[in-house]
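Engineer: Spelled out from the first residue to the last, the chains are:
There are 2 protein chains.
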Amino acid sequence: MDIHFNQVTIIGVGLIGGSLALDLKEKRIAEEIVGVGRSRENLELALSRGLIDRYQPDPESGVKDADLVVLAVPVGAISALGKKIIPRLKGGALLTDVGSVKSPIVRELEAALKPGISFVPGHPLAGSEKGGAGAARAGLFAGNRVILTPTPKTDPDATRRVRRLWEKVGSQVFELDPEAHDLILAAVSHLPHAVSASLVQAVFRRFSGEEIKRTGAGSFRDLSRVAASPPELWRDILSLNREPMLEILADFRKRLVELETYIKEGRSEKILEFFSEAKKYRDAI
Amino acid sequence: MDIHFNQVTIIGVGLIGGSLALDLKEKRIAEEIVGVGRSRENLELALSRGLIDRYQPDPESGVKDADLVVLAVPVGAISALGKKIIPRLKGGALLTDVGSVKSPIVRELEAALKPGISFVPGHPLAGSEKGGAGAARAGLFAGNRVILTPTPKTDPDATRRVRRLWEKVGSQVFELDPEAHDLILAAVSHLPHAVSASLVQAVFRRFSGEEIKRTGAGSFRDLSRVAASPPELWRDILSLNREPMLEILADFRKRLVELETYIKEGRSEKILEFFSEAKKYRDAI
Chain A
285 MDIHFNQVTI
295 IGVGLIGGSL
305 ALDLKEKRIA
315 EEIVGVGRSR
325 ENLELALSRG
335 LIDRYQPDPE
345 SGVKDADLVV
355 LAVPVGAISA
365 LGKKIIPRLK
375 GGALLTDVGS
385 VKSPIVRELE
395 AALKPGISFV
405 PGHPLAGSEK
415 GGAGAARAGL
425 FAGNRVILTP
435 TPKTDPDATR
445 RVRRLWEKVG
455 SQVFELDPEA
465 HDLILAAVSH
475 LPHAVSASLV
485 QAVFRRFSGE
495 EIKRTGAGSF
505 RDLSRVAASP
515 PELWRDILSL
525 NREPMLEILA
535 DFRKRLVELE
545 TYIKEGRSEK
555 ILEFFSEAKK
565 YRDAI
Chain B
285 MDIHFNQVTI
295 IGVGLIGGSL
305 ALDLKEKRIA
315 EEIVGVGRSR
325 ENLELALSRG
335 LIDRYQPDPE
345 SGVKDADLVV
355 LAVPVGAISA
365 LGKKIIPRLK
375 GGALLTDVGS
385 VKSPIVRELE
395 AALKPGISFV
405 PGHPLAGSEK
415 GGAGAARAGL
425 FAGNRVILTP
435 TPKTDPDATR
445 RVRRLWEKVG
455 SQVFELDPEA
465 HDLILAAVSH
475 LPHAVSASLV
485 QAVFRRFSGE
495 EIKRTGAGSF
505 RDLSRVAASP
515 PELWRDILSL
525 NREPMLEILA
535 DFRKRLVELE
545 TYIKEGRSEK
555 ILEFFSEAKK
565 YRDAI
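Heads up: the protein sequence lines correspond to chains A and B, in order. Just so we're aligned, residue 285 is where the first sequence starts under my numbering, counting upward by one. Just so we're aligned, residue 285 is where the second sequence starts under my numbering, counting upward by one.
Excised from the complex, chain A in its bound form (with noise of 0.2 angstroms):
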């Protein structure tokens, strides 16, 4: 199958979305690649660069005749953008987003939805930091993952035209449901964040940066690196993920508070036991 787009806009130039667009141009996927974003600095830095054609600063006006649209604004941003444009798209236009967070995304859009427009929710897995239309490189997402979380109000040929898109620009792209999805992101995405911050909270509270730096090993840089991820991403992908977020918070209390407890008891065994079983699994991926 193959697929083409007269006007592609993309809502966000930055990291993912200017990747995207280089791609689409390059592999002539898209004719033409209307940029959309809130900073005029950054569109005309995209404009520059060659990842889009032209830009619109208004995104009603940026998508009124766009074949598809994707946004790749911020997670926290995707619903209320989503639904400002959806009353502007013409008719048999796609829509696809790339949030880190899904269902209530997927919630929130399939209810404003009208007649005639596709929207297939996406999930690139690709690095989220904001970058900006200067961090954009052509075959960002060649040899990365995709996961898509069509719902049964999803129309299976915009799945399909998704799905080839991304296969496309050489990704790996998989089918999840939105709730699946954030669960297991949740725990091996959003957990890992939330845990290094934690970490980095803990010992920093209690030990000086050059105390720190002096002792540390390379156990510290490992858990604590993500801790420097961008602070406004995590506010809103945590934010948004709530509920899976908590369900698996208490799962991994739940086994700290074990490992705790075997070392307030004295159980060396079951520590053993514990960190055996932990580098079997880790050893398996």
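Some hints could be false.
Put simply, identical chains are the same to the list, so a pair is met inside one copy or across any two.
Stated by the list, open to error - Capping the alpha-carbon separation at 30 angstroms, the derived lysine-lysine pairs in DSBU-like fashion look like this:
#: 1; residue 1: Lys348; residue 2: Lys452
#: 2; residue 1: Lys367; residue 2: Lys437
#: 3; residue 1: Lys367; residue 2: Lys348
#: 4; residue 1: Lys398; residue 2: Lys437
#: 5; residue 1: Lys538; residue 2: Lys563
#: 6; residue 1: Lys563; residue 2: Lys497
#: 7; residue 1: Lys452; residue 2: Lys437
#: 8; residue 1: Lys309; residue 2: Lys374
#: 9; residue 1: Lys367; residue 2: Lys548
#: 10; residue 1: Lys367; residue 2: Lys554
#: 11; residue 1: Lys548; residue 2: Lys497
#: 12; residue 1: Lys368; residue 2: Lys497
#: 13; residue 1: Lys437; residue 2: Lys497
#: 14; residue 1: Lys452; residue 2: Lys497
#: 15; residue 1: Lys398; residue 2: Lys348
#: 16; residue 1: Lys554; residue 2: Lys538
Source of the hints: derived by calculation from the structure; they are not laboratory data.
With chain A fixed as given, assemble chain B onto it according to the hints.
Structural biologist: Just chain B now, kept in the frame of chain A:
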């Protein structure tokens, strides 16, 4: 101050003990190096690699003519072995160790000391994985740090000699109380390992390795890496460092519950503050 020993006995010729042996020979700090260990195969390997000049499977015979004895066995075995060899040490002998927990070892070995024998507790921060004599390499300690934890009972001249030894092999040496050492190491090394194993336990009890591999991002990889460390080592460390570990785990749980409460109550501005502060801390090291 120059430093030289006629006979150095290294008990435990693994990564740390074997690498130290190599450096002591190369820097002409030791005239003769005797290896002691339970595995004859490992001692033969150490001999054939030139780490040691000869070996002696029995610790009590191996230390009797030593001017310096280095206890480089796994941390859980140091106290018992130290108490066993102390009665056999000759007058004027210097004893040190490389254990990553200090207070319990210091307490037990200081109680067992006899007049004329000096014990200087030490901890090279240079990787503590098991590896055997095959993993030893010259220069392991160059640019690394070593913590010495002398007490009021430690002979200051003995401390100076051990410090000099580590400096000669390229380490940066600093001193801490045994208790201060154990608390900060609990925070910057033992807690990260406990957290990593708990994270892996929580996530793998809910999802399969296949699901995790498919969706897991760099953050999960970072946070779970040290869960694959040798379980016996972590059983020993967490068992030995019980009180500081429980104190630091309680700190960590408090911060985690703080974040959990913000998520539960939908206080996104507090989540932002929590992550912003953690980022500021992490960026500073």
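Engineer: Taking the hints in turn, state whether each one holds.
Structural biologist: Here is what the structure says about each hint:
no., hint, verdict
1, Lys348 - Lys452, "within (25 angstroms within a copy, 72 angstroms between copies)"
2, Lys367 - Lys437, "within (17 angstroms within a copy, 73 angstroms between copies)"
3, Lys367 - Lys348, "within (14 angstroms within a copy, 82 angstroms between copies)"
4, Lys398 - Lys437, "within (12 angstroms within a copy, 81 angstroms between copies)"
5, Lys538 - Lys563, "both (18 angstroms within a copy, 26 angstroms between copies)"
6, Lys563 - Lys497, "both (27 angstroms within a copy, 15 angstroms between copies)"
7, Lys452 - Lys437, "within (25 angstroms within a copy, 71 angstroms between copies)"
8, Lys309 - Lys374, "within (22 angstroms within a copy, 79 angstroms between copies)"
9, Lys367 - Lys548, "between (53 angstroms within a copy, 26 angstroms between copies)"
10, Lys367 - Lys554, "between (53 angstroms within a copy, 27 angstroms between copies)"
11, Lys548 - Lys497, "within (29 angstroms within a copy, 34 angstroms between copies)"
12, Lys368 - Lys497, "neither (48 angstroms within a copy, 36 angstroms between copies)"
13, Lys437 - Lys497, "between (53 angstroms within a copy, 29 angstroms between copies)"
14, Lys452 - Lys497, "between (45 angstroms within a copy, 22 angstroms between copies)"
15, Lys398 - Lys348, "within (14 angstroms within a copy, 88 angstroms between copies)"
16, Lys554 - Lys538, "both (15 angstroms within a copy, 24 angstroms between copies)"
Hint compliance for this structure: hint 12 alone is broken.
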